[in-house]
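Asker: Chains as they are written, first to last, in this note's numbering: chain A, 1 to 116; chain B, 1 to 397.
Since the hints were made in silico from the structure, they are not lab data.
Incorrect hints may appear among the rest.
Stated by the list, open to error - Only pairs whose alpha carbons sit at most 27 Å apart, straight line, appear in this in silico DSSO-like list of lysine-lysine:
id, chain 1, residue 1, chain 2, residue 2
1, B, K281, B, K299
2, A, K48, A, K8
3, B, K376, B, K196
4, B, K281, A, K27
5, A, K68, B, K43
6, A, K100, B, K196
7, A, K27, B, K329
8, B, K213, B, K251
9, A, K46, B, K251
10, A, K8, B, K333
11, B, K125, A, K48
12, B, K196, A, K8
13, A, K8, B, K213
14, A, K50, B, K43
15, A, K8, A, K57
16, B, K281, B, K213
17, A, K27, A, K41
18, A, K88, B, K281
19, A, K48, B, K329
20, A, K80, B, K206
21, A, K8, B, K376
22, B, K43, A, K46
23, A, K57, B, K376
24, B, K251, A, K83
25, B, K329, B, K196
26, B, K43, A, K100
Said to hold, decoys possible - Derived coverage of chain B by chain A (criterion: at least 3 residues anywhere in the stretch with Cβ under 8 Å from a Cβ of chain A; other residues may be distant):
id, stretch
27, 62–70
28, 200–214
All residues carry an ideal CB built from backbone N, CA and C; glycine is no exception.
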Amino acid sequence: MDDNTLYKICLISALIGIFLILVIANKIEIKGSDIGNISEKNLNEKVKVKGYVTFFKETPGLYIMDIKDNTGNITVLAFKDEKINITKNSIIEVEGSLTKYDNELEINADIIRILE
Amino acid sequence: MIAEIFIAILLGCIVGTFTGLTPGVHINLVSLLILTFSVFLLKFTSPLLIAIFIISMSITHTFTDFIPSCFLGAPESDNVLSALPGHRLLLEGKGYEAVFLTVVGSLLGLILTIISIPLMIPFLKFIFPIVKPYIGHFLIIIAALLIIRERKIWALILFLLSGVFGLAVFSLHMKDPLFPMLSGLFGISMLLLSYKQNTKIPPQIKSEIKIEKSELRKATFSSVVVGSIASFFPGLGPSQAAIIAIELVRKLETKGFLILVGSLNTVNMVVSLVTLYVIDKARNGSIVIMSQILEVLTKDYLILFLGVALVAGSIATVITLKTTDLFAKIMPKVNYRLLCLCIMAFVTLLAFILSGFLGLFVLLIGTSIGMIPQLKNIGKSHLMGCLLLPTILYFIL
Numbered sequence: 001m002d003d004n005t006l007y008k009i010c011l012i013s014a015l016i017g018i019f020l021i022l023v024i025a026n027k028i029e030i031k032g033s034d035i036g037n038i039s040e041k042n043l044n045e046k047v048k049v050k051g052y053v054t055f056f057k058e059t060p061g062l063y064i065m066d067i068k069d070n071t072g073n074i075t076v077l078a079f080k081d082e083k084i085n086i087t088k089n090s091i092i093e094v095e096g097s098l099t100k101y102d103n104e105l106e107i108n109a110d111i112i113r114i115l116e
Numbered sequence: 001m002i003a004e005i006f007i008a009i010l011l012g013c014i015v016g017t018f019t020g021l022t023p024g025v026h027i028n029l030v031s032l033l034i035l036t037f038s039v040f041l042l043k044f045t046s047p048l049l050i051a052i053f054i055i056s057m058s059i060t061h062t063f064t065d066f067i068p069s070c071f072l073g074a075p076e077s078d079n080v081l082s083a084l085p086g087h088r089l090l091l092e093g094k095g096y097e098a099v100f101l102t103v104v105g106s107l108l109g110l111i112l113t114i115i116s117i118p119l120m121i122p123f124l125k126f127i128f129p130i131v132k133p134y135i136g137h138f139l140i141i142i143a144a145l146l147i148i149r150e151r152k153i154w155a156l157i158l159f160l161l162s163g164v165f166g167l168a169v170f171s172l173h174m175k176d177p178l179f180p181m182l183s184g185l186f187g188i189s190m191l192l193l194s195y196k197q198n199t200k201i202p203p204q205i206k207s208e209i210k211i212e213k214s215e216l217r218k219a220t221f222s223s224v225v226v227g228s229i230a231s232f233f234p235g236l237g238p239s240q241a242a243i244i245a246i247e248l249v250r251k252l253e254t255k256g257f258l259i260l261v262g263s264l265n266t267v268n269m270v271v272s273l274v275t276l277y278v279i280d281k282a283r284n285g286s287i288v289i290m291s292q293i294l295e296v297l298t299k300d301y302l303i304l305f306l307g308v309a310l311v312a313g314s315i316a317t318v319i320t321l322k323t324t325d326l327f328a329k330i331m332p333k334v335n336y337r338l339l340c341l342c343i344m345a346f347v348t349l350l351a352f353i354l355s356g357f358l359g360l361f362v363l364l365i366g367t368s369i370g371m372i373p374q375l376k377n378i379g380k381s382h383l384m385g386c387l388l389l390p391t392i393l394y395f396i397l
């Protein structure tokens, strides 16, 4: 066996690897959705929404906020791992898991990006 | 998303090359740093991308880590019978061939393990709980075979001595006990003898490497089977798997041995992902840390990670061969005695940083025990008693 044989095996396995990545990445990528389209059928799934903050509250362990877009509004919870600079009317993008509390849908945020 | 995934893979390959080439800098250390700073990192990236980075780094590390162990620890030719095969080939001017064989093992091990995952999952779910109570007894048989094969009383003494040493080190509850213990037994002891005997590295030759197909088959299949089974059990790592595989596959020649050793680390890394998915337990430090960041490993994630492992393994193959080529050109020109001194100083300093004064003490004792095999001309594998004896006691007590 020489270097070239090994490089050929490498190339084939890399191509198979890239194929697997392309197929799965497309499947698991969290597509952004309108808040109004989120329903109970998305419960426990990862969701991504964008909107402006209509309510913001800081508790000892959590940030609680409501965000709104043209189609509806939803509550977002985020653990207070660090300070975030969000105020009322900030425009943010949230990625997280959809859960239900007191019959209301809410998002447990993994990532919050402040857009404006 | 896809561009970000490939950037994470490339970054993982770069860091994995660094950790593999630097003695003492382990991927667990880098993974732990990532976990510590994960809150900060998650502001810019996602848990999935961090997981991909860790997997890519871990796979690359298992390819590149043989370069320093082969090129930076060669003993004098008088002791060549008891030296590890990689060092033996280095002293024959075949350092490139030694690393090439481990790369063949790593790449084929990676591909074969991924192919055998559909068989592995039912085994893990149903057969693993039945076999688990007998693993300690099985290890006793393996240890007995290891000692009997040498037919020297020193083999038994060395196995028990290193076993008791291992038990003592683990009972100290010190930080990072493995680094000073294994560096003493296998690293400093060999470097010290090389320094004393004024070892010189001959010019390295790069010729076509002939591997018999039967040898290649035996080495890769046994490493995948034994490496996979060993990865299912707590306390059994690639080192213990190597001893089991060598005992089970008799008459494995130097080339086959290097392919087998090269394969085991990579197999362990991939199977850890499978155990995490099936029984929610990872048997590998960096994969444990990755699971803490990712929280949930779904089937889609597992398939994605296997794709990442294939791409990272392919990149790592190219990096390792190119780096080895460079090492093979540079090493004969280097003052090897000075290099030995520098590496010994570096490892001693790392042992102190990682484990304090206790680490230095363990390093000293380990070095003393580690010199016995070369002085008595017996195999260094008996030193693995330091891990095997505590593992046997863990399973049977």
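Asker: Among all the numbered hints in the text so far, which are the ones the structure does not match?
Answerer: 2, 6, 7, 9, 10, 11, 12, 15, 16, 18, 19, 20, 21, 23, 24 and 27
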